[in-house]
Amino acid sequence: MMLISCPHCGPRAQAEFTYERTADSVIQPDAAPAEAIEHLIARANPRGLDDEVWRHTFGCRAWLVMTRHRVTHAIEAIRAVGPEALP
Amino acid sequence: MNDLAITALSAAPLHVLEIWSDPPGVAKRFAATFGAELPMLGSSLQLPSMQLVRYEPAVWLIEGEIGGLEPVIGLDGSLTPIGGGLVRVRLSGAGWRSLLMEGGVFDAESKDFATGCSAATVIDHVNIRLLVESDQACLAYVPLSYAHDMIHFWTVAAESLI
Amino acid sequence: MSGPRRSGEPGTIRFTFDGKPLLARPGDTLAAALLANGIGLVARSFKYHRPRGIMAAGVEEPNALVTVGTAGRGEPNTRATDLFVYDGMVARSQNRWPSLSFDVGSILGLAAKALPAGFYYKTFFGSAKRWLLYEWFIRRAAGLGDAPTAADPDRFAQRAGFCDVLVVGAGPAGLAAALAAVEAGDRVILVEQDSLLAPSLVRDPQELDPAWAEATAERIRALGGRILLRTTAIGYWDDNLITLSQRLAEPGERPPAGTAQRLWHVRAKRVVLATGALERPLAFAHNDRPGVMLSQAVRTYVRRFGVIPGQRAVVATNNDDAYLTAAALRDAGTEVVAVLDTRPAPAGANSGFPVHNDAAPLATKGARHHLREVSARVAGKVVRWQVDLLAISGGMTPVVHLHMQAGGATLSWDEASQAFLPSTARQNVTSIGAAAGADPVGPTLAAEDPAKSFIDFQNDVTLGDVDLAWAEGYRSVEHLKRYTTLGMATDQGKTSNMAALGRLAEKQGVAIPEAGLTTFRPPYTPVTMGLLAGRTERDAGAHQRRLALYQVHQAKGPIWQPLGYWKRPRAYPKSGENLSQAALREARAVRTAVGMTDVSTLAKFEVSGPDAAALLELICATTVAKLKVGRGRYTFMLREDGLVFDDGTVWRLGVDRYLLTSSTGGADRMAAHISYVRQFLRPQFKVSAVNVQEHYAGIAIAGPKATKVLAALIDDDPPRHMSTVAATIARVPVLVLAASYSGERAFEVYVEATKAEAVWNACEAEVTSLGGCPYGMEAMEFLRIEKGHLVVGGEIDGRLTPHDLALDKMLNKAGAYVGAQGLARPALTQPGRKQLVGLDALSGTIPEGAMLVQAPGQPAEGHVTAAGLRVLDGGSIALGQLDGGFARHGEELLATSPTRRQSARVRVVAPHFYDTLGERYRE
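Chains as they are written, first to last, in the numbering used here: chain L, 1247 to 1333; chain P, 6 to 167; chain D, 341 to 1263.
Isolated chain L, as found in the complex (with noise of 0.2 Å):
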């Protein structure tokens, strides 16, 4: 179980944390019906690092995107998404 350093709330265990999906999955509202579905169907899967849009559903609750490496796990980066916050 890997330790997830949360940007709001420093590390925690992965329990509080949900995968969501791979960031180049991630489609708009307002994409282009082709470019919607290339995202909705291809994914790059590479074995190594790679975009994934993580939750901390248990803790801030804030969307988070981690660069993961899928061999090691290590988390080379991670950033929050969301509404402009106060520190």
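None of these hints come from the bench; they were simulated from the model.
Possibly wrong hints are sitting among the right ones.
Residues from chain D shown here face chain P by an in silico Cβ test under 8 Å; the list is partial [stated by the list, open to error]: (1) F502; (2) A597; (3) E946; (4) K1026; (5) A1093.
Computed spacing ranges between beta-carbons, pair by pair [to be verified]: (6) A597(D) - A1323(L): 40 to 50 Å; (7) E846(D) - R1316(L): 37 to 47 Å; (8) A597(D) - A119(P): 22 to 32 Å; (9) E818(D) - A1278(L): 32 to 42 Å; (10) G1256(L) - S139(P): 21 to 31 Å; (11) T1264(L) - R102(P): 51 to 61 Å; (12) K33(P) - M1247(L): 54 to 64 Å; (13) R102(P) - A551(D): 28 to 38 Å; (14) F442(D) - R1316(L): 34 to 44 Å.
From the derived model, a few chain P residues whose C-beta atoms are all more than 12 Å from chain D [claimed, not checked]: (15) W25; (16) D27; (17) G47; (18) L52; (19) Q56; (20) V77; (21) D112; (22) S115; (23) K116; (24) H157.
Note that beta-carbon positions come from the ideal geometry of N, C-alpha and C, so glycine has one too.
Start from chain L and add chains P and D according to the hints.
Chains P and D only, in chain L's frame:
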């Protein structure tokens, strides 16, 4: 540990304050009105009429009277009542930190989790929000439908704590 | 007199083994207590039913497996060496019939030639019928203890731990490391699988006074360190997370505080592995006989337990350590008749024993399952000794299991000690003490009878089996393992893997490190299933969510129905009524008068702010912004692929304030979806979407007299259909929504959950005064099926489009809602897709979940999603999904459920059986 008491408190008015725009402006108005800073994530603020606990980047849980808040918020956020859905459970006695490690994943035994600190975490598969009241007590906000099971879980876990 | 014995007091702890009452001393393992009572034969082996005794003194024991405890506390396959005797312990031997000393299954051993390595796979050849026969025989003949059939009465706990330094193993190295860390101000956890600190010092007090261990532990505790005994580090996971199994009671014992074991998840900044080393046996013919023991184990029994495993002994070794065993035996009064050393010249550790160099055991002989004779080849000649104990040592294998589980870890080969040592690791982990290096050993002398020389004692694998696997073409260590089952028993090959690897390397003609290693998997030692999945303080392994009105329902003695995590009233039977009678009465009350039901579990979201409508028009596939204040509408939601995944209603409570309701079962999914759209896709929106599912309890009031009930309750005109007003009932503020799921004129009353009981009681008084009653889930299901309303998980199963569900006319034409692009895919408008239909029975009762076919044996063209009946008139009806269903109204089909052996002829109709014009909603 026999000194632990697990008590469900009576219902209190609870609101969600969510700020959707200009948080620095709201913070400035708040400080000017109440003479204290809006609490940071993982902490809380006790005012005479209300207590504010920040569990999310843009959300504060407010317990008590919300009088005076609306002009502070203005058009930059909103208040939504949620008190019906949360049960306040007080874990009191020196062993509360140990008790929170049972079925948990959050380091409640850390020195950094001091009086006034708050944390949202998962305990025995239930999302729980914690607020440290003192070395002798911690308040847990438990979803209503899970409260009966959680109080039972804590009561039993307290019997074989180490 | 021969065999194991104990001098002095027998002890006062009473226990039984195979029904025989015995005594033990405090601190005895079961193995020590059995030896103290002169019992050397303890078990029958897995495959050949060979008589087995006690080989080791620790967790690596492959032979002495017993079942301990009774009924639900029974625990099979427990190592007698890792089990401390308690008063009243009941232990039984396994895998024998009718008794341990006379076991019919041991004829398998005589037929061992018929059961070589891989024999199980060989049974796959030939006819399937014959294999089934073999299977039946094998399953019964081979085996371990029986799993208990009664429920485990004890609790199992889970706990988190955090520390700067976790030290695994409280031997001298571990204690010293823990003390150094705690003195440096670190948060320290030190764990030890034994019940004793530094048990090796009791075995070898010449190293260090055992009192040092207790003093060190005191200091560690005084400085805030935590020491856990009877606690094993069983797994090493990502980011320095270590799982521990902590025994709060011995297996089979009634736990003092109700909790039998605790599973720890410890997150450590640094891990120190002081896990020690395990002794390797030697391979020779009949090396598995009771009386053949590992050298350090012999020394442990003598020094720690005061048990003398034999009166005349041979010690066989390839290293210096076994000479300490010879000395310990001599000190205890055992005659050491020979020390066999594989090394060609005396190694300087001599101390007056009759030492034979360049010597190793050839074979043993026994009598009545006990050791009687050891033979050896000494300087080319066969020499025999009449002895009852043979202590063997093939050198030490550092325990590298946890190191290897740490991920990306490597080992290095040490030729002198013939052992793998921990090398690099990705995580912050170091190995120290005997886990990090071993003493040099001499050569291994070739066994002369490989087919009788056991290497994996627990799975009955011999050197001959390795040779056979090689001869049959199994080259890689992974194949060897699976073909021979070597190392695959519950001991995971702790005493066997190195011997097998050596043999394989020899066959391959390579050095041992080149032969490769198999994976070290958690758990390090076996754990009981309860530790991972056992009973906690919950009924079914999951919490049961309680309704705010639980007490109100409970007082009516309802039939409860689990629904997801919720428990909801299914019906409120009157005395003498069964479920369907009660449900039908309740449903008829709704059709003819009025009924009320608890709808608190519906998902509810309060959405406020200038962008509230814009957010909802992303989430809902219908329009929302056009709603006037005080009005509501039906809506549904699409996944990004364009398929419907949920539905509900949306209400405009104020200019910038909406309430969205959706299905109970999809509540968490909807909360995540709304959060995703708002936080991730539209962070710039000025909107707050709050989950108020639990804040509001909900009561639905439905029926032709519902209007009258509401008027009396709120003392005002009730809102029109799909309108909402704020009101008070019993002086409690409520929100009234006029919406119907039953097909009748209906209202939903929402009230803050803490005040729900007063409102329910006020409603119930009005409802019953007009001849109505509360109704449960079953009646609700009847009503909605008859009306053709959808349910998430039934008709809305994530596979149908709005068009397939006949919802397409409600789509927001201009909308850029989630799923709009996915819905435009051509495949979703192809003809012949599954579509929502009604099914009217021509004869019989339509089975729940039935397939729709032309005739028996024909392919399924659809299925029944919900079966019900006409509430007032009777007659079986159903909703279903059917290929191209819209165009097939009037067609006859067979609804068949082969598993229930039920069928009914049905006519395909429109999915509305009641008030098709919707006139009863309005008045």
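Checked hints:
With 8 Å as the threshold, the beta carbon of F502(D) comes within range of chain P, its nearest partner Cβ sitting at about 4 Å, so the hint holds. Interface restraint check for A597(D): the shortest CB-CB distance to chain P comes to about 4 Å, inside 8 Å, so the restraint holds. About 5 Å separates the beta-carbon of E946(D) from the nearest beta-carbon of chain P, less than 8 Å, and the hint is met. At its closest, the beta carbon of K1026(D) sits 4 Å from a beta carbon of chain P; the interface hint therefore holds under the 8 Å criterion.
The closest approach between the C-beta of A1093(D) and any C-beta of chain P is roughly 4 Å, which is under the 8 Å cut-off, so the hint is satisfied. Against the hinted window of 40 to 50 Å, the Cβ-Cβ separation of A597(D) and A1323(L) comes to about 46 Å, which satisfies the hint. Between E846(D) and R1316(L), the C-beta spacing of about 39 Å keeps the proposed range 37 to 47 Å intact. The supplied range of 22 to 32 Å is met by A597(D) and A119(P), whose beta-carbon atoms lie about 30 Å from each other.
Judged by the Cβ atoms, the range 32 to 42 Å given for E818(D) and A1278(L) is violated: they are separated by roughly 50 Å. Between G1256(L) and S139(P) the beta carbons are some 23 Å apart, a value that agrees with the proposed interval 21 to 31 Å. At roughly 27 Å, the beta-carbon separation of T1264(L) and R102(P) lies outside the given 51 to 61 Å, and the hint is violated. The hint said 54 to 64 Å for the Cβ distance between K33(P) and M1247(L), and at roughly 41 Å that hint is violated.
A beta carbon spacing of about 33 Å between R102(P) and A551(D) agrees with the range 28 to 38 Å that was offered as a hint. As the Cβ distance of F442(D) to R1316(L) is approximately 57 Å, the hint placing it in 34 to 44 Å is violated. Non-interface call for W25(P) relative to chain D: violated, since the shortest CB-CB distance, roughly 4 Å, does not exceed 12 Å. A beta-carbon of chain D is positioned within 12 Å of the beta-carbon of D27(P); the least distance is around 10 Å.
Chain D leaves G47(P) outside its interface by the beta-carbon criterion, the shortest separation being 16 Å against a cut-off of 12 Å. Annotated as non-interface, L52(P) keeps its C-beta farther than 12 Å from every C-beta of chain D; the closest such distance is 22 Å. Its beta-carbon lying about 19 Å from the closest one in chain D, Q56(P) satisfies the requirement of being farther than 12 Å from that chain. Residue-level check passed: V77(P) sits 15 Å from the nearest beta carbon of chain D, beyond 12 Å.
The claim that D112(P) lies off the interface is violated: its Cβ sits roughly 4 Å from the closest Cβ of chain D, which falls inside the 12 Å cut-off. The beta carbon of S115(P) is not kept farther than 12 Å from every beta carbon of chain D, the shortest such distance being approximately 7 Å. A cut-off of 12 Å between C-beta atoms contradicts the statement that K116(P) is not in contact with chain D; the least separation is 9 Å. At roughly 5 Å, the least C-beta separation between H157(P) and chain D is not larger than 12 Å, which violates its mark as non-interface.
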